[in-house]
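Enquirer: In case you want the letters, here they are:
There are 6 protein chains.
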Amino acid sequence: MSHLIEYEDASDEVRAVYDDIRATRKTEYINNFWKALTNHPPTLQRTWQNVKEVMTVPGELDPLTRELIYIAVSVTNGCQYCISSHTAAGRAKGMDDAIFGELMAIVATANATNRLANGYQIPVDEQFKL
Amino acid sequence: MSHLIEYEDASDEVRAVYDDIRATRKTEYINNFWKALTNHPPTLQRTWQNVKEVMTVPGELDPLTRELIYIAVSVTNGCQYCISSHTAAGRAKGMDDAIFGELMAIVATANATNRLANGYQIPVDEQFKL
Amino acid sequence: MSHLIEYEDASDEVRAVYDDIRATRKTEYINNFWKALTNHPPTLQRTWQNVKEVMTVPGELDPLTRELIYIAVSVTNGCQYCISSHTAAGRAKGMDDAIFGELMAIVATANATNRLANGYQIPVDEQFKL
Amino acid sequence: MSHLIEYEDASDEVRAVYDDIRATRKTEYINNFWKALTNHPPTLQRTWQNVKEVMTVPGELDPLTRELIYIAVSVTNGCQYCISSHTAAGRAKGMDDAIFGELMAIVATANATNRLANGYQIPVDEQFKL
Amino acid sequence: MSHLIEYEDASDEVRAVYDDIRATRKTEYINNFWKALTNHPPTLQRTWQNVKEVMTVPGELDPLTRELIYIAVSVTNGCQYCISSHTAAGRAKGMDDAIFGELMAIVATANATNRLANGYQIPVDEQFKL
Amino acid sequence: MSHLIEYEDASDEVRAVYDDIRATRKTEYINNFWKALTNHPPTLQRTWQNVKEVMTVPGELDPLTRELIYIAVSVTNGCQYCISSHTAAGRAKGMDDAIFGELMAIVATANATNRLANGYQIPVDEQFKL
Numbered sequence: 025m026s027h028l029i030e031y032e033d034a035s036d037e038v039r040a041v042y043d044d045i046r047a048t049r050k051t052e053y054i055n056n057f058w059k060a061l062t063n064h065p066p067t068l069q070r071t072w073q074n075v076k077e078v079m080t081v082p083g084e085l086d087p088l089t090r091e092l093i094y095i096a097v098s099v100t101n102g103c104q105y106c107i108s109s110h111t112a113a114g115r116a117k118g119m120d121d122a123i124f125g126e127l128m129a130i131v132a133t134a135n136a137t138n139r140l141a142n143g144y145q146i147p148v149d150e151q152f153k154l
Numbered sequence: 025m026s027h028l029i030e031y032e033d034a035s036d037e038v039r040a041v042y043d044d045i046r047a048t049r050k051t052e053y054i055n056n057f058w059k060a061l062t063n064h065p066p067t068l069q070r071t072w073q074n075v076k077e078v079m080t081v082p083g084e085l086d087p088l089t090r091e092l093i094y095i096a097v098s099v100t101n102g103c104q105y106c107i108s109s110h111t112a113a114g115r116a117k118g119m120d121d122a123i124f125g126e127l128m129a130i131v132a133t134a135n136a137t138n139r140l141a142n143g144y145q146i147p148v149d150e151q152f153k154l
Numbered sequence: 025m026s027h028l029i030e031y032e033d034a035s036d037e038v039r040a041v042y043d044d045i046r047a048t049r050k051t052e053y054i055n056n057f058w059k060a061l062t063n064h065p066p067t068l069q070r071t072w073q074n075v076k077e078v079m080t081v082p083g084e085l086d087p088l089t090r091e092l093i094y095i096a097v098s099v100t101n102g103c104q105y106c107i108s109s110h111t112a113a114g115r116a117k118g119m120d121d122a123i124f125g126e127l128m129a130i131v132a133t134a135n136a137t138n139r140l141a142n143g144y145q146i147p148v149d150e151q152f153k154l
Numbered sequence: 025m026s027h028l029i030e031y032e033d034a035s036d037e038v039r040a041v042y043d044d045i046r047a048t049r050k051t052e053y054i055n056n057f058w059k060a061l062t063n064h065p066p067t068l069q070r071t072w073q074n075v076k077e078v079m080t081v082p083g084e085l086d087p088l089t090r091e092l093i094y095i096a097v098s099v100t101n102g103c104q105y106c107i108s109s110h111t112a113a114g115r116a117k118g119m120d121d122a123i124f125g126e127l128m129a130i131v132a133t134a135n136a137t138n139r140l141a142n143g144y145q146i147p148v149d150e151q152f153k154l
Numbered sequence: 025m026s027h028l029i030e031y032e033d034a035s036d037e038v039r040a041v042y043d044d045i046r047a048t049r050k051t052e053y054i055n056n057f058w059k060a061l062t063n064h065p066p067t068l069q070r071t072w073q074n075v076k077e078v079m080t081v082p083g084e085l086d087p088l089t090r091e092l093i094y095i096a097v098s099v100t101n102g103c104q105y106c107i108s109s110h111t112a113a114g115r116a117k118g119m120d121d122a123i124f125g126e127l128m129a130i131v132a133t134a135n136a137t138n139r140l141a142n143g144y145q146i147p148v149d150e151q152f153k154l
Numbered sequence: 025m026s027h028l029i030e031y032e033d034a035s036d037e038v039r040a041v042y043d044d045i046r047a048t049r050k051t052e053y054i055n056n057f058w059k060a061l062t063n064h065p066p067t068l069q070r071t072w073q074n075v076k077e078v079m080t081v082p083g084e085l086d087p088l089t090r091e092l093i094y095i096a097v098s099v100t101n102g103c104q105y106c107i108s109s110h111t112a113a114g115r116a117k118g119m120d121d122a123i124f125g126e127l128m129a130i131v132a133t134a135n136a137t138n139r140l141a142n143g144y145q146i147p148v149d150e151q152f153k154l
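Residue numbers (the numbering used here), protein chains in the order written: chain A, 25 to 154; chain S, 25 to 154; chain G, 25 to 154; chain D, 25 to 154; chain V, 25 to 154; chain P, 25 to 154.
Hints may contain errors.
In this list, chains with the same sequence are indistinguishable; a pair is considered to hold if it fits within one copy or across any two.
What the hints assert, rightly or not - In silico SDA-like cross-links for lysine to any residue, where the CA-CA straight-line distance does not exceed 20 angstroms:
hint, residue 1, residue 2
1, LYS117, VAL81
2, LYS153, GLU52
3, LYS153, ASN63
4, LYS153, ALA112
5, LYS76, ARG39
6, LYS117, PRO65
7, LYS117, GLY83
Hint data in this document are derived by calculation from the structure and do not stem from the laboratory.
Produce the entire structure from the sequences given, and follow the hints as far as they go.
Expert: This is the structure in structure tokens:
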């Protein structure tokens, strides 16, 4: 288990990231993921920059849809921390039991049909090769 | 590579599935996935029933969002057939280069942070354990 | 793509492995997997030793069941070469379309329920913790 | 962690599924997996229908072999809940330490050779392309 | 398959990335990966920034070791494009058949023991929990 | 959870493996992985033989590099036991926070770009096909 580094014990460069996380997310809470990445500041900075851009810069996809995609990946990979944290984030953005249930049903079905396609060695249809 | 079974060569029970696929999707085209599963009719029937329910029964998620989730799983697993077919389906439902780009950016970032969470062995925050 | 090394071009230590593969499998044919591993003889020797022990030493599981398990793993991982070669091996040991269909149905279902268990973060029942 | 829904607190449609699980498995015990899926009744119903068909409808594969395949997938994916529950199910159907050991040996070897095939980029033999 | 965008057809912001790739790698060649990501310029820019930092900024790990790690991940995931491109990159940085063979042997063994640890549900030793 | 078998309770053939582990690693400590595999002695013997050869026979790669590769695979697969044990082994061989941070950054980036290559269905460059 990684050492979790608190704001008080962090360098100035790390505090700047923590401050940006707080400002971007409009909450004082810094979750353990960032406190752990602080063990390697360049990774903390790069990862936050990526997540911030991908999850918060306005674009085609709304914030809830972005969380659903994040959860779909995390559930497929079986990453417990990411499932927990992004499920919480999704619920904060409006995901209720019905939406979560539909999400899980699609994730489960896709994981199943992915293997049927693998196992039956199905050739890609010509019209899908664009 | 699996033998692909055409409508003309299929049993009545298989033709019923093909008919339902055509009616549900409002297209004559049956893609290779279903023609391959026909090698085991119970799997064809069960899989189509699952996909039909999960992808077409009205619910909280719109059809495009469902395809984005399907693609996110297929890309994470690296299933070439599923990526090809669901990318085509997504485009038919309105996915353009910008939406696809945002989707890929989230999928890539989630796959990265999943491994950072694994590697740093980050404990789940108490407030995420609900 | 790896260079495939033929018997004629192989060292004595590699030829000994090829000879053992032929004797164990009762066929002259050496498939590409072994010809590619020959690029690193210690890996060729160790891998053949492992596969030979695990797949051919008499034990509790019959040869067909062993191939079914091998295919289940390969399909889950999406390894095209392994799916192709072990599907061929399975068919040589009695796997017909019905058995393959049942195998794929279980593999697909297990891949689905694995993700439902991940996503719903289901706690292990006390009685399963033995 | 998901809320687990007990029989007493369930709707009639959910109770019908629980009753069918009990009748099919000939045990009063409902394991946590189903109690969690109850948070989304359509997913509960569909998943039980799939598992019931795939694992209990008489076919070519005996019940123990089906559990071995289920475990092989779950171990490859690293799904803790599924490994625990299907290992228990396997043991109830006759899996002893020797069978489990052979199963694990095949799963481990297949996971290894899958990566050797990937890494060496081995072309599929012509005779495997049927 | 994605449309590959050439330098001549690219916007100024994309050309700046291509120029930086060429300058950093000291070669005129832009490989298909970047030409495909150009379909979504923010993803192109972010991904190049990440790869450049992680693979070229001087640090503790030498360039060849970084490629070996990249290959280990790509082989585990079965990403054909990444295996091909990073195997080429590794060879350009000194990876010969012996090094590649040792790398593959470790990757194969780790993938095997990962599943043995999963399947046997081995508790983490107290002394590893630091 | 598997029964862990101690030296005192082990057969002579198992004790011989435990003795070799101790002699090879120059420590009295036998970690839980081996105590669990003892439930199937052939798997214990084969697995130790593989790990010993791959991780300790002198070759092109130094011991720390071998651990970094092992960790990269284990983190990609999300194997908690293997991450814990090989992180400890890596630290014993000189891995500090900076090296671990660089390793994690590469593993994260590779997992991301693997999915971008999958999703954009990028064709392998001719010059990478050797």
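Enquirer: Which hint numbers does the structure go against, in order from smallest to largest?
Expert: Hint 6 alone not satisfied by this model.
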